[in-house]
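Q: Next come the chains, spelled out residue by residue.
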Amino acid sequence: NAGVTQTPKFRVLKTGQSMTLLCAQDMNHEYMYWYRQDPGMGLRLIHYSVGEGTTAKGEVPDGYNVSRLKKQNFLLGLESAAPSQTSVYFCASSFSPQTGGERDEQFFGPGTRLTVL
Amino acid sequence: QQPVQSPQAVILREGEDAVINCSSSKALYSVHWYRQKHGEAPVFLMILLKGGEQKGHEKISASFNEKKQQSSLYLTASQLSYSGTYFCGTEDDSSNTGKLIFGQGTTLQVKP
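So the protein lines, in turn, are chains E and V. Residues in the first sequence are numbered from 563 upward in steps of one, following this note's numbering. Residues in the second sequence are numbered from 11 upward in steps of one, following this note's numbering.
These are calculated hints, taken from the structure and not from any lab test. Wrong hints could be hidden among the right ones.
Some chain V residues close to chain E (C-beta under 8 angstroms, calculated; not the full set) [claimed, not checked]:
(1) P52
(2) F54
(3) G108
(4) K109
(5) L110
(6) F112
(7) G113
(8) Q114
(9) G115
Every residue gets a Cβ at the ideal spot worked out from N, C-alpha and C, and that includes glycine.
Kindly produce the complete structure, drawing on both the sequences and the hints.
A: In structure tokens, the structure reads:
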């Protein structure tokens, strides 16, 4: 099992450019999350999904969009990148109905380090 | 609303104990604890659920005071490998999504 993978690992964008971050999990998890982590701020939830075809806003959703067309994938999009979006982005997943409960641990991907110039 | 962790930073010698606290102003259903080493992803340590259930590693202990909406993580006989940043994540009572709000983190440094 690969667990949670994120693509790409690093990216540099210019202000106004767009990009999509891909998160994939092979644990048959229902729930998936996107966080951003800035120094001294901890992990802040951007968007999350409780199942294929569903998405919801987290704490800091502005400037981001998400899609979950397939259960195993959760995409995070930046339509027009801004320097304030320079951060490390983590994807996480949890809850397999077959093996666990809804309040299960979250498994994190390795992160994507994004710099917007 | 973000839970508040204290202290912000701790420096220990190997073998010493530490307690990290997490406090929320909202009614909680669960509290999660994660540890993150520099440049790596957060790793799960423990979940404490309303009603007393706990899931986690045997060598880690924690408590959850439901009346005060507070949780504490107890690190005993610390080892060098305990160094890192500890985060609590809280799930409020109304959520059924596993959605967590994380605290700002507590940095723990264990010295030889």
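Q: Which hint numbers does the structure go against, in order from smallest to largest?
A: none
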